[in-house]
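Peer 1: Listed below are the residues making up each chain.
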Amino acid sequence: MSVSDWVSISDSTANKVSPYEVYNLPYAIGHGLWEIIGGVIAWLINIIAPGNRLSPFLIGDFVTNMMGLFIMVVVFFAVIFIVNLTMIWIERKTLGRIMDRRATRIGPLGYLQNLADGLKTFLKEHIMPEKADKKGYMWAVSIVIGSAVLIAGMIPLSPRWFLADYGTGLLLIFGIFAVSPFMILVAGWAQNNKYSLIGGMRAAAQMISYEIPMLLVFASVVLMAGSLNINEIVQFQMDNTWFIVPQIIGFVVFMVAATAEAERIPFDLPEAEAELVEGWQTEYGGMKWGLIMLSDYFRGYVACALGAIMFLGGWAIPFMDTLVLPEIVFLLKVVLLFFIMVWARGTFARIRTDQILNIGWKVLLPLAVINLFIVVLLKIGGVY
Amino acid sequence: MTSKMWVTMGPQHPFSHGLWTLKVRVDGEVITDATPIIGYLHRGWEKECEHRTYPQIIPMADRLCYSASMTWSHLYVMAVEEGLDLEVPERAQYLRVVADEICRIQSHLMWLAAMGTDLGNLTVFLWSLREREIFLDLFVKLCGQRLTTNYPRIGGVRNDMPYLFERDCMRAVERFEKKLWDIIALMDDSAIFLSRMQGVGHVTRKEAANLGLTGPTMRGCGVDFDVRRDDPYEVYDLFDFEVPVSQDGDAYGRYAVRIEEMFQSCEIIRQAMAGMPDGPVRVKAPRNVPAGKHFARLEDPRGEGLMYLISDGTDRPYRLKVRSPIFVNVSASKRLVLGARMADVPAVMGTIDMCLGETDR
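Sequences listed follow chains A and B, in order. Its first residue numbered 1, the first sequence is counted upward by one per residue in our numbering. Its first residue numbered 1001, the second sequence is counted upward by one per residue in our numbering.
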């Protein structure tokens, strides 16, 4: 029997055990890849032992689905990872332009600098303070990093590029997004260092000041769209108008709060390096620190992606009903929002703890309430 | 968390700009007590000078402060000239004034850069250092060095200004006066910067006098005194310049005074270059200083520098005492940070413009 008897590319949606009812591009890639790889393996095994029962099993629906899902997760994560590396690269290049200095230098256009930095942190020694709370020290930072990667994986890039299409959608993302400040508090405590303790306390103080306005904005978006599901929110914006038009106040509040949530200048109080050395990260070194830095960018990506989904119409192109390269359109919007964050970082100074409380409670919260009222009025008035 | 705890900021700490420690007692984030600890950089400078001949001390005076080397060596040669009763050629005096003002600008730019990082903005840091580079280039042309200039000599200066130095100087000043506005816009037009600087580290006029503050730190509290104007040395009495004074008394007042001082320094450089006389730049100085007590003071970028020289008639000083402005100003740190927040410490202490080389000597 020749190899063509074993290798055949079929429709991934036709797989009987597939968890996806709609077409899913990364799953289709994984499905097709395994049909090629598994088919070749099955053919080779069949040459050695003709007529065995392993070869048909390898190209059967069950194994193809399992390996397809496995390859899909790898592809999905690799894409997000590359997007994040690109965002770090964009940030460094933009800051270099703003500050009138050279930015990244390694590789074509300095793109490989991030990988070089990652390798450098990877080669560092693993150091843990002797009097630190070992469990708290490791678990807290693991959850900080893990939650960042988890929510990055929960954001769909388009109706055909997602890991799971779930009804709770935004609510789950916001819930996991808010886990990290708690864990920063734990990490600050566990390190047995006064700087990190103050940094952790600042994270807690910061969280209570921006979390509430952010959730109010989230509530008004959900109220307007009438759904928590990300696909439906984007579809609603495609059918009507993008939410940035009626909810421009909400958009501004969300971007400020999201900058704080992602702990970027001007709201990077927990890691204020001028007075707290490195804040809550003081005792984390080597690859742990590198992963914390990377998770910061994952959180920045999630913040910008949520902004794009909730206000900029997700993967939709303005004045067009059809989707053209939705993943690219979506990522372009994310990068646009990220650029605003980078710009703010190059321009502003770091604000103080009492000032962020003032901004959160006296400026952002009233604005978010006003935004909610506007949405309610528009809903009652039957505009949406 | 206990209600109060001591946090040791330093000696290796991003805010300290050198080796010194500020122990603060914090209640939550509010500072209830503070103690500055200095002395990590003590090199026995004054004692070491007693074993060197007078000209040998000039390069050592350079090393008192890394960013104000010109004014310190200038101060030293002024003290020795006082003892020798030496008349310095007028051209040399003009050159010293020009060099001092270039030094003042680059020192203030160094402070502005540090101020930027203290407040969490790297753009201010890099833009200030970019402008500072122009003035360091002027130093290279004038004395061949960027930081440790070793330019003044007992009885004049080491060399005349090089070919086209006047043109370069004018160009640098003109460019700088435009470019400084970019940095000012980045700070003064930003509500966050203002909210971080205004109302923190407040010192009243009376307290400033009691603490013995000098220089921009004092003028930021409303005390109108500048050695260049009120006790002129060299040829400062020939120039028309203003002494900026702020009545605010907070970090912003000190910031505003330093910024305006840079503009005034540009004005002085321009006038000095326009009125530069011809003639020699150095006279022969005797080797031994006659026995006696001599004293010189000048306006350092950080405050009032003072040198007290006791000579015993040999070619080495019997005693050389330095009054460092920062040594006195740092004693005000407790008063400055009391009641402020942890995050205000870099902003407040940044406006003091710490330089540990001269403090610990």
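No wet-lab data here; the hints were simulated from the structure. Incorrect hints may appear among the rest.
Derived DSS-like pairs (lysine-lysine); straight-line CA-CA distance at most 30 Å [claimed, not checked]:
1) A:134 - B:1023
2) B:1023 - B:1293
3) A:135 - B:1004
4) A:362 - B:1004
Partial chain B-side listing against chain A, Cβ under 7 Å, derived [as the list claims (entries may be wrong)]:
5) 1010
6) 1014
7) 1016
8) 1019
9) 1025
10) 1029
11) 1030
12) 1063
13) 1066
14) 1118
15) 1194
16) 1198
17) 1342
18) 1343
19) 1345
20) 1346
Just so you know, even glycine gets a beta-carbon here, dropped at the ideal spot from N, CA and C.
Peer 1: Confirm or reject each hint.
Peer 2: So, going through the hints one by one against the coordinates:
no.	hint	result
1	A:134 - B:1023	holds (28 Å)
2	B:1023 - B:1293	violated (39 Å)
3	A:135 - B:1004	holds (27 Å)
4	A:362 - B:1004	holds (29 Å)
5	1010	violated (11 Å)
6	1014	holds (5 Å)
7	1016	violated (10 Å)
8	1019	violated (15 Å)
9	1025	violated (11 Å)
10	1029	holds (6 Å)
11	1030	violated (9 Å)
12	1063	violated (27 Å)
13	1066	violated (21 Å)
14	1118	holds (5 Å)
15	1194	violated (10 Å)
16	1198	violated (12 Å)
17	1342	holds (6 Å)
18	1343	holds (5 Å)
19	1345	holds (5 Å)
20	1346	holds (4 Å)
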